[in-house]
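Asker: Residue-level listing of the chains:
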Amino acid sequence: MHRQPALETSPKVSDEIRKTTCYMCACRCGINVHLKTNAEGRKEIAYIEGNRDHPVNRGVLCAKGSAGIMQVTAPSRLRAPLKRVGPRGSGEFQEITWDEALSTAVEWLAPIRAENPEKLAFFTGRDQSQSFTSYWAQAFGTPNYAAHGGFCSVNMAAAGIYTMGGAFWEFGQPDWDRTKLFMLFGVAEDHDSNPIKIGLGKLKARGAKVIAVNPIRTGYNAIADEWVGITPGTDGLFILSLIHELLRAGKIDLDYLARYTNAPVLVNSDPSSVGYGLFLRDDDGKELVLDRRTGKPAPFDASGVQPDLAGSYRHAGTSHKPVFHLIAERYLAAEYSPDRVAPKIGIGAARIRRIAAELARVAFEEEIEIARAWTDFRGQRHQTMKGRPVSFHAMRGISAHSNGFHTARALHLLQILLGSVEVPGGFRFKPPYPKPSWAHPTPHCRVTPGQPLDGPHLGFPQGPEHLALKDDGSPARIDKAFTWDNPMSAHGLMHMVISNAHAGDPYRIDTLMLYMANMAWNSSMNTARVIEMLTDRDEDGDYVIPRIIYSDAYSSEMVAYADLILPDTTYLERHDCISLLDRPICEADAAADAIRWPVIEPDRDVRGFQSVLCDLGARLGLPGFVTEDGGAKYADYADYITNHIRRPGVGPLAGWRMGDEGLVHTGRGEANAGQIDSYIRNGGFWMRHVPDEAAFFKPWNRAYQDWAVETGLYDAPAPYIFQLYVEPMRKFQLAAEGHGLRQPPDHLRERIKTTLDPLPSWYPPFLDGHADPEEYPIHALTQRPMAMYHSWGSQNAWLRQIHGANPLYVPTAIWDGHGFADGDWARVSSPAGEITVPVVHMAALNPETVWTWNAIGKRKGAWALDPDAPEATRGFLLNHLIDELLPEQGDGMRWSNSDPVTGQAAWFDLRVKIEKVKAPKEAHPVFPPLSSPVPKPPATLRRKVAT
Amino acid sequence: MTDLPARTDRRLGLVIDLDTCVGCHACVVACKGWNTENYGAPLADADAYGGDPVGAFLNRVHSYEIQPDQGPAQLVHFPKSCLHCQDAPCVTVCPTGASYKRTEDGIVLVNEADCIGCGLCAWACPYGARELDPAEGVMKKCTLCVDRIYNENLPEEDRQPACVRTCPAGARHFGDLADPDSDVSRLVESRGGIDLMPEQGTRPVNKYLPPRARDAEIDVLAPLLAPVAEEPRGLLGWIDKALERL
Amino acid sequence: MHPAPSIILFTALSGLGFGLLAFLGFGQPGVEGWLAAVYFALAFAMAAGGLVASTFHLGHPERALKAFTQWRTSWLSREGWLSCAALAVMALYAAPVVFAGIRVAPLGWLGTALSLATVYATSMIYAQLRTVPRWHHWTTPALFLALALAGGALLSGVIWLAILLLLATGVLQFLAWKTGDARLARSGTTLATATGLGRMGRVRAFEPPHTGASYLTREMVFVVARRHALKLRSIALVTGFLAPALILVLPFSHALAALAVASHVAGLLILRWLFFAEAEHVVGLYYGRR
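Chains as they are written, first to last, in the working numbering: chain F, 1 to 947; chain D, 1001 to 1246; chain X, 2001 to 2290.
None of these hints come from the bench; they were simulated from the model.
There's no promise every hint is true.
To be verified - Think about it this way: if two alpha-carbon atoms lie no more than 35 Å apart in a straight line, the pair counts; the simulated DSBU-like pairs of lysine-lysine are:
| no. | chain 1 | residue 1 | chain 2 | residue 2 |
| --- | --- | --- | --- | --- |
| 1 | X | Lys2066 | F | Lys916 |
| 2 | F | Lys936 | F | Lys36 |
| 3 | X | Lys2066 | F | Lys944 |
| 4 | F | Lys918 | X | Lys2231 |
| 5 | F | Lys296 | D | Lys1241 |
| 6 | F | Lys209 | D | Lys1241 |
| 7 | F | Lys913 | F | Lys344 |
| 8 | F | Lys43 | F | Lys936 |
To be verified - One side of the interface only, derived from the structure: several residues of chain X facing chain F at Cβ under 10 Å:
| no. | residue |
| --- | --- |
| 9 | Arg2204 |
| 10 | Phe2206 |
| 11 | His2210 |
| 12 | Thr2211 |
| 13 | Gly2212 |
| 14 | His2254 |
| 15 | Gly2288 |
Note that beta-carbon positions come from the ideal geometry of N, C-alpha and C, so glycine has one too.
Here chain F stands alone, though its shape is the one from the complex (with noise of 0.2 Å):
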């Protein structure tokens, strides 16, 4: 007998749903916010579903995303503005209003800007509001802005910006519909997020081939059908072995080489000669090929030229070659052979040529056409578009090495010789890229008391003409970006400004302003270092660092470490624009931008952060901020958004700007006042697709440059074709050899040498050389957990049951080496410090790397959490064990701890040795508990609307 109740399965779902941008990562996908009336007539959030209309993400969400209604009611939320009333780093402060705060600002603000900008130092984690962020600081008229790029993923950046006019993650992605061989290069749960978890679905679901080269087999490496369980840092090594191999079997793609990148353009091959390593060019300043029909030199653009890869040209005495010979040279080196770069690299060698075999076949045999014609820069018109379906993408893992940049370059030059970027099954770039570096700005550093800088901050210098240098060639930056250290640190370096404020190298800081950047905790190198530098104190008893202004949403650590505090709204309760000026949420096959607005109204005393930046910049009187009666310009963020304008047409959203004749939704136009709520109808995006015929090909496809002019990425048609060979780095190296007026200093010039290298190479990791790889044989990774991937996640109430704790993963052979048993402790130590944490084995796992998930640990007190919490007891930084600068050789010197090139933070770099140790009751080190600025969280969450 069997009996059921009656159910009813068409419950009402909510009474409104209003479509937003997700912030629970940086992978800004479009969600649903469910909403319902609550008892009392207030809209409540009942549930957060991914929107399927929106190109990120197509209606999927992750985990993170879904959780984002326990973010938004999180106990550690900041409920007003606050003044510190204890010491630095005690966490006692006092709630004060919004008046006396910003007045507060205003008085420490106002002198410096007065008498010395470069005083404030300005830098923001969060950076989805980079490009007025970066408008304000330039008003403001501090050289000493930037956001996180510096210690995340610089070199990812700008080396596929220097080689190619665009790198992986926004500036674009696999053709996931057409790829045939997908290779992922140290990619955890790195950008972008939900898009490759799609894309690797879609291969999944064709049936595709997925390799994944990581030391790590947890994630997307799980899935992959092959498992390249590479040595950290050793990626560069074999990217170049197997495109030694290519070389060798002649598996490039020569028509493309010659026709789209600059392997044919001639190069001053004579080391006697004066402009030795650089382009050959006409009156014009266009790099000059050998055109196969004539023999003669031509501009590479030139209507009809077909560039030549082998022949070489002399002119004026001095011999010149093309690009592909110092290739063919530079590569065909024994150095690369698989067997002489296996051992260095934990892969064999028979492996390394399959890998190159598979490549080769994939991209040659399986080649792809599409017919769909089109016209090249060069005036030819193509019947079909070809392409080679192999694609790849990499991030952090090979990004944040001391070698990262010419890792990641080895990878572009890779992807070109296969012929398989801009083509159907390669990589594709999602506008406004492609963009090559010289169509980017370059650095502006000039101080005016009173004035806005001379010019953006941040850029890619084309040679050291643009480094950010002082008359006395002192760097002109806090950060020293830009200077001979790091020539091309496109991102600046976030990771040195404390240090460097603190020791007052180049020069003392009045006020450090930080938004959303947890610097006293997990997003600083040495945290216990930086917790010092920011509450040390000079003779008089006055802070090293005086004032420090700090902006974010919840009682994380670094709230502790300020003496100003402006609260933040949670990402519901805010409008923002993710912006084509900035980092937008294009596709391959369409411009986007977003908004994100509130879908629910704070119900604290906060203020979004960017709304404050406008009323401090009225306050100020910045220019762009006050209007001609001095009035403040922008009410706050909202007007910002719907009324700036940052060229004529462009303002910071492309959709529904106002045309002569109504609305028009190419891109350009003037404000519109109604321009948001026009998202807000459209689910919170715009988006414009690219034609067909401008799909692929696009630095050489007309189709595309005309549609990008018309949707006002680019203001005229800029052909380019790849630099294979970087002739800006050339510039730096021939500084380096005794050329031109700036110079380097001498310590610094072999190092320049090395490694401003004009082709892709590899170098050891800096440390190896650094800390004794006998004594600290074992390299330690981090990763961030899908569930969870930044610290400001990490007090979520259902997130936190997933990742509350995080083990040290130990491989096999260490495991069984040291003895160890399940709840085993080890000290780890490297030549910064020791922690002491608790141990998992991992057998699919690089046989020399330990790694543990990164910002699950906690400091107590800090995010509402019990000090009891296992985040906080249990749970652990690698952030003690890596030092931002090397530690001391021969030489008396302390090298930075990063990318020589752009200055990247090489947390990857480091490396430990490992003992078994008895268990502690805690983690270590052990800091003492801040007291919690918010009040205490519930016990138990029982959370429905009652409607």
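We have chain F; now place chains D and X onto it with these hints.
Answerer: Relative to chain F, chains D and X alone:
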């Protein structure tokens, strides 16, 4: 009554692709979110911000390491929720009739108003698919989003379980496994879908697609790398000829 | 399985109570009047008290009456009915014995049968669970019944039968442990079948789904150290069976009898703790723990 229906009209269930699951826990949290706000009592979290947080979840993702005889160790992410068994032991042990299996679609549900929270159904389930809510004291389990899949307030395309709708990699599939022509049945057929713990005799409806073979050490590609040149000069000569041919 | 005190107390007490009732129904001890009242009161207190204790672990004890509805399929429901029937019949049987010294034997036999059936139903709640291989065996009902009878014999003072039953139950318990220890391994359920991944190679649990505890790990994954368990087993065998049997061999005294009972009850509680604590639920395999 806690008798199992002799047969059900359909057998709705999930097919989970272990070859594709990246272990991101998206399904876990989407499920938590939907089922907190919908069917029955909210899924509570005890000691939510404390030292020993324990919340009710209806779907959890394990991970397993596998050491094959040959080749490197592999890692498999393994989502697990109620398998809506045809011979569901959790139903027959229930003393109150709160647990039942629906005749129309085979979904196993708990009528929370009748649940005394004795926990016996959770003991009877070999898969760990049932969890007692720490605040409400009733048994919670996967409902296959019975309040979504027929919900006329949702657009047609959204009438699927929250976990399936959200899965970024597309590793979760929902459908009628009694219909041999359904997409899910075909998937199970073509990919060799399996039952978990078949020896327990529960006849689960949900199926798992095993990971495809990995790390195959094939080497039939060597001829592709036959050298055209060992030295730069030779390569340039070869290129010259090759470019002639283009 | 988590050894919840409420369930340990319930099964131990109700087993003893129904064991005593079974003997009372059979006319042992042949008491009348106030002495009978004491015996019956003790038996009822233990049987009913056990049932009340069992409601302490319910999420919704106020709905406990609903548990009577599913007697067709649920052993828990059957246990409810049988216990009520046993208590009701025994009450009907006890009243004339206490108040009039009249023993309606068939009613007593029915009461005995229902009491033992109740113990059997209780045991089947556990024995039916395929998910706990140690329990899923005839030794589970056999042990529950044997313990109820031995306890009943002990309490009702049927000395030689008590000695015999105590020793036999001890042997049965020993056998149950011996065979039970290997039963999960022999059940055919392994991490390989649990995940279906066995054909790929050797499977090992890597990361659990949550770093903290869950209802499942708290309720179903309980690990006792082997040495600890062996020690407890020995203590339980001695205090539960050997010691009471030895004491019973000694010349009778009320103090010694009380000691024998106390020793048996102590042993019984340890046995029940072990019954739960040592029972490995197959779900533990998913967590790499058994």
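Asker: Run every hint past the structure and note whether it holds.
Answerer: For each hint, the structure was consulted:
{"no.": "1", "hint": "X:Lys2066 - F:Lys916", "in the structure": "violated (55 Å)"}
{"no.": "2", "hint": "F:Lys936 - F:Lys36", "in the structure": "holds (27 Å)"}
{"no.": "3", "hint": "X:Lys2066 - F:Lys944", "in the structure": "holds (27 Å)"}
{"no.": "4", "hint": "F:Lys918 - X:Lys2231", "in the structure": "holds (27 Å)"}
{"no.": "5", "hint": "F:Lys296 - D:Lys1241", "in the structure": "holds (18 Å)"}
{"no.": "6", "hint": "F:Lys209 - D:Lys1241", "in the structure": "holds (33 Å)"}
{"no.": "7", "hint": "F:Lys913 - F:Lys344", "in the structure": "holds (19 Å)"}
{"no.": "8", "hint": "F:Lys43 - F:Lys936", "in the structure": "holds (25 Å)"}
{"no.": "9", "hint": "Arg2204", "in the structure": "holds (8 Å)"}
{"no.": "10", "hint": "Phe2206", "in the structure": "holds (7 Å)"}
{"no.": "11", "hint": "His2210", "in the structure": "holds (5 Å)"}
{"no.": "12", "hint": "Thr2211", "in the structure": "holds (4 Å)"}
{"no.": "13", "hint": "Gly2212", "in the structure": "holds (5 Å)"}
{"no.": "14", "hint": "His2254", "in the structure": "violated (51 Å)"}
{"no.": "15", "hint": "Gly2288", "in the structure": "holds (9 Å)"}
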